[in-house]
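Novice: This is what each chain is made of:
There are 6 protein chains.
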Amino acid sequence: MNETRALFVGRFNPFHLGHLQVVQKILKNEDELIIAIGSTQQSHTLTDPFTAGERVLMIRECLKEANISLEKVFILTIPDIFRNSVWVSHLQSYCPPFNSVYTNSSLIRQLFMDAGITVKSAGLFDRKHLKGSYIRQLMLKGEEWQLLVPLAVFNVIKSINGVQRLQNIVQGTD
Amino acid sequence: MNETRALFVGRFNPFHLGHLQVVQKILKNEDELIIAIGSTQQSHTLTDPFTAGERVLMIRECLKEANISLEKVFILTIPDIFRNSVWVSHLQSYCPPFNSVYTNSSLIRQLFMDAGITVKSAGLFDRKHLKGSYIRQLMLKGEEWQLLVPLAVFNVIKSINGVQRLQNIVQGTD
Amino acid sequence: MNETRALFVGRFNPFHLGHLQVVQKILKNEDELIIAIGSTQQSHTLTDPFTAGERVLMIRECLKEANISLEKVFILTIPDIFRNSVWVSHLQSYCPPFNSVYTNSSLIRQLFMDAGITVKSAGLFDRKHLKGSYIRQLMLKGEEWQLLVPLAVFNVIKSINGVQRLQNIVQGTD
Amino acid sequence: MNETRALFVGRFNPFHLGHLQVVQKILKNEDELIIAIGSTQQSHTLTDPFTAGERVLMIRECLKEANISLEKVFILTIPDIFRNSVWVSHLQSYCPPFNSVYTNSSLIRQLFMDAGITVKSAGLFDRKHLKGSYIRQLMLKGEEWQLLVPLAVFNVIKSINGVQRLQNIVQGTD
Amino acid sequence: MNETRALFVGRFNPFHLGHLQVVQKILKNEDELIIAIGSTQQSHTLTDPFTAGERVLMIRECLKEANISLEKVFILTIPDIFRNSVWVSHLQSYCPPFNSVYTNSSLIRQLFMDAGITVKSAGLFDRKHLKGSYIRQLMLKGEEWQLLVPLAVFNVIKSINGVQRLQNIVQGTD
Amino acid sequence: MNETRALFVGRFNPFHLGHLQVVQKILKNEDELIIAIGSTQQSHTLTDPFTAGERVLMIRECLKEANISLEKVFILTIPDIFRNSVWVSHLQSYCPPFNSVYTNSSLIRQLFMDAGITVKSAGLFDRKHLKGSYIRQLMLKGEEWQLLVPLAVFNVIKSINGVQRLQNIVQGTD
Chain A
392 MNETRALFVG RFNPFHLGHL QVVQKILKNE DELIIAIGST QQSHTLTDPF
442 TAGERVLMIR ECLKEANISL EKVFILTIPD IFRNSVWVSH LQSYCPPFNS
492 VYTNSSLIRQ LFMDAGITVK SAGLFDRKHL KGSYIRQLML KGEEWQLLVP
542 LAVFNVIKSI NGVQRLQNIV QGTD
Chain B
392 MNETRALFVG RFNPFHLGHL QVVQKILKNE DELIIAIGST QQSHTLTDPF
442 TAGERVLMIR ECLKEANISL EKVFILTIPD IFRNSVWVSH LQSYCPPFNS
492 VYTNSSLIRQ LFMDAGITVK SAGLFDRKHL KGSYIRQLML KGEEWQLLVP
542 LAVFNVIKSI NGVQRLQNIV QGTD
Chain C
392 MNETRALFVG RFNPFHLGHL QVVQKILKNE DELIIAIGST QQSHTLTDPF
442 TAGERVLMIR ECLKEANISL EKVFILTIPD IFRNSVWVSH LQSYCPPFNS
492 VYTNSSLIRQ LFMDAGITVK SAGLFDRKHL KGSYIRQLML KGEEWQLLVP
542 LAVFNVIKSI NGVQRLQNIV QGTD
Chain D
392 MNETRALFVG RFNPFHLGHL QVVQKILKNE DELIIAIGST QQSHTLTDPF
442 TAGERVLMIR ECLKEANISL EKVFILTIPD IFRNSVWVSH LQSYCPPFNS
492 VYTNSSLIRQ LFMDAGITVK SAGLFDRKHL KGSYIRQLML KGEEWQLLVP
542 LAVFNVIKSI NGVQRLQNIV QGTD
Chain E
392 MNETRALFVG RFNPFHLGHL QVVQKILKNE DELIIAIGST QQSHTLTDPF
442 TAGERVLMIR ECLKEANISL EKVFILTIPD IFRNSVWVSH LQSYCPPFNS
492 VYTNSSLIRQ LFMDAGITVK SAGLFDRKHL KGSYIRQLML KGEEWQLLVP
542 LAVFNVIKSI NGVQRLQNIV QGTD
Chain F
392 MNETRALFVG RFNPFHLGHL QVVQKILKNE DELIIAIGST QQSHTLTDPF
442 TAGERVLMIR ECLKEANISL EKVFILTIPD IFRNSVWVSH LQSYCPPFNS
492 VYTNSSLIRQ LFMDAGITVK SAGLFDRKHL KGSYIRQLML KGEEWQLLVP
542 LAVFNVIKSI NGVQRLQNIV QGTD
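Going line by line, the protein sequences match chains A, B, C, D, E and F.
With this note's numbering applied, the first sequence covers 392 to 565.
With this note's numbering applied, the second sequence covers 392 to 565.
With this note's numbering applied, the third sequence covers 392 to 565.
With this note's numbering applied, the fourth sequence covers 392 to 565.
With this note's numbering applied, the fifth sequence covers 392 to 565.
With this note's numbering applied, the sixth sequence covers 392 to 565.
Chain A with its partners taken away, still in its complex shape (with noise of 0.2 Å):
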């Protein structure tokens, strides 16, 4: 493999503007990038909302409205695996042969570490409003959330009636 593979780690409920930034950047210094959608047997929660195929088809739209070409990207689901000592096998079976790993996360960090594996910083956007969690919450509080996706990220949400649903979702249990 002479040319150059990364890997791009999240869970994207939703994809954002930060994600998008990520992706560009990486795709300055590496051939091709592997975006990596984690906890994909999950959906219809607050913290995964949306269904792993949405959450695909929401990354591939926003490619294309950004003019990256899918012939440089994998876009590739990963389900849970409920153990952090095998997380980096269980994620290597799902992917192809990659260099390097891009990540902000401090145990992601660790984890392809221990296994030595290359880490990089996958850089810095603004992470008060660029962040799922942040996102989640203006769309069940009925604010304004459209500007911090692409367009496109935006659409499939519509289109799936999102905030509806993340909004029927809360509620206490039993």
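Don't take every hint at face value.
Heads up, the list lumps identical chains together, so a pair's fine if it works in one copy or across two of them.
What the hints assert, rightly or not - Restricting the straight-line Cα-Cα distance to at most 20 Å, the calculated cross-link-like pairs of lysine to aspartate or glutamate (DMTMM-like) are:
#	residue 1	residue 2
1	LYS549	GLU394
2	LYS455	GLU394
3	LYS519	ASP422
4	LYS455	ASP422
5	LYS511	GLU394
6	LYS549	ASP505
7	LYS519	ASP505
8	LYS532	ASP505
Derived by calculation from the structure, the hints in this document are not laboratory data.
Based on these hints, arrange chains B, C, D, E and F on the given structure of chain A.
Specialist: Structure of chains B, C, D, E and F alone, referenced to chain A:
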């Protein structure tokens, strides 16, 4: 299926007077009712102190006490599947066919509506006191809870020393 | 518990005349009976073609047809746990208390006896023809199987187009 | 969704010329295609020797080689769920919406038809030789299999020393 | 079994001086002791930072240091089963037979008593400081924790850079 | 780690004289040995009749009988994970660090070599008779098997009535 068959879902920890009111109300409108007990793999926890078998027994004894014919009611147990996107299919596989669903939960309403199944409101009752979490709190504190459940349910809980069990469950982690 | 309550375990794919004979025989000796349907997470396979809900319906309709009161019989569903060493505890958690177990299976007999629970023989009937695997073979070959099951069971299987389903399941891997 | 999007399901161990013919045929009739790789939690077994990531890479390289635009094809991975009754919902949650399914499997046909989804025949090709199990047998025996797969697939298998891996997997139990 | 064999259950993240006191006390009364390490599928989390293997090594090195013969002690690992109703059977299947259980946990006491097994108090020690959660808090804050664990445990944690690992685990979601 | 620590993996149903020879041979070359018992969630089946705890006891009693110090040997239990691609990481998380692996299995050899870990041959012994499957066949048929296992193992199997258990397990489905 010319006759109507409705579904009523809950965890029933324990089955209380509010649940009984719902059952009685539904049976005025429908020929048959499925009472689907959820989270049946759980027991001996703060939210699910009772086993599936104990919950079946509570409901059955209560129906007998209330002169509701067991010919009209299915009491079925549904283990959790931890995947909201397949939960409706999962529940359907454990039940005979049904025409409508009664629930007050907006998440369950959402999931069934996504699957194209009619959802009706389970109706109003005193949700402040007739609520599983409230009754379990009273049990934990050693306060009066008996009047919030049918007598038959009280007798089952007493026979298994259920209040003591719940109090023993309260403990921190390591 | 002064009254006796017995357990009868099977997969019931489908519930046949041999099963019905056992139920009738047990109810001569015991006050109540739990019919525990196993492997209820399975369906659409060669050994378990029917869903849990379909099996519940077969048994219930059959009991009504045979004038066996549902006040005396629990019909419960037990998902597999794939751990023989905990299977008895697992099954007990899904059932109300019982005094004895009827089975012809030497493995189930072993597991219950290890747990100190009384095991009785389910008695003899025509095990060559009244056997789930034999009836499913007849269905697959398009031969006569109807006389081996109660009429109510036949009607349920017909209503779900069960023979066609079983034939569709027959297929090799990749 | 005015455009059509079809689904094609398989395990693709490995992706062979028959699969490629099906993909090319479907893309004549449909705007977009989802290639859904099943059993992706498996690898290093006789029926599933390749990892999910390796299978993704095989298919992707093959599409590039065949000049099929990645703008028109989703390559997605679907772990097994071991519950036929929820399999369609499970698969749907991992995919963007689709209008039709192409398959030659009668079980998959049955499951989708039960869910009310249009199923089309994947069409005929040389099923004696263009079959995963046959190709894996050739690999095991050290016979010629290369001409049954696209060149790009051959190159991926060679790069991972796949034939040797398969031969190492052959072993009895304890 | 004329000799007595006792059970002591914990997660041991990490094994501390309070645990060692319990072990020494039990071995004054019993011929053999099983130290059963729970939640062994977990690692790299705030409550379970260490792997099963690391916890085994900590305990074993500590016993050697304290001149406790390994001929008298079993060190066994018990993965979680997430089903309280079968937990005792699950644990028993991973252990040789034992006569009694030492614990300070009221839930574990309840579960064993329900199974008819003798439960003894693990005795008192300084539960404010000799507590896993307290020691992990000290590690997170970079404060002194070393004196709360046996020297052998400290050496194992140092060799795996355990404090740094725990600090890396602290991170929010998405 | 200046000292060497080797790994020896098996299911040990039961631990036989061939296994003992391997252990003795390894301990001539290595400072410490981990005996890793696999498939420990299984019991009461034809391939895994004994529980994890019974297998631990067999091996431990056998080591004592053979005057092998328990200071040099770890006896650890490894539940199946049903994912070959993560199995090495899974096993590593249950063990202290080790330098080399002894096995006669080509699959295990493949998996460890893929992970960059040294694999050595476990050496030759009488694989026709000293083989778990052969010994279990003798038990099933009621023939002589005692001379193929260490006396300590025979005593454990006798104490649990293991041959009778195995014979009871033999039964068809439904």
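Novice: Indicate, hint by hint, whether the structure satisfies it.
Specialist: Cross-check of the supplied hints:
1. LYS549 - GLU394: between (38 Å within a copy, 18 Å between copies)
2. LYS455 - GLU394: Classified as between: cross-chain Cα gap 16 Å, same-chain 23 Å, threshold 20 Å.
3. LYS519 - ASP422: neither (30 Å within a copy, 40 Å between copies)
4. LYS455 - ASP422: both (18 Å within a copy, 16 Å between copies)
5. LYS511 - GLU394: within (17 Å within a copy, 35 Å between copies)
6. LYS549 - ASP505: between (41 Å within a copy, 15 Å between copies)
7. LYS519 - ASP505: neither (29 Å within a copy, 33 Å between copies)
8. LYS532 - ASP505: For LYS532 and ASP505, neither the intra-copy (40 Å) nor the inter-copy (23 Å) Cα distance is at most 20 Å.
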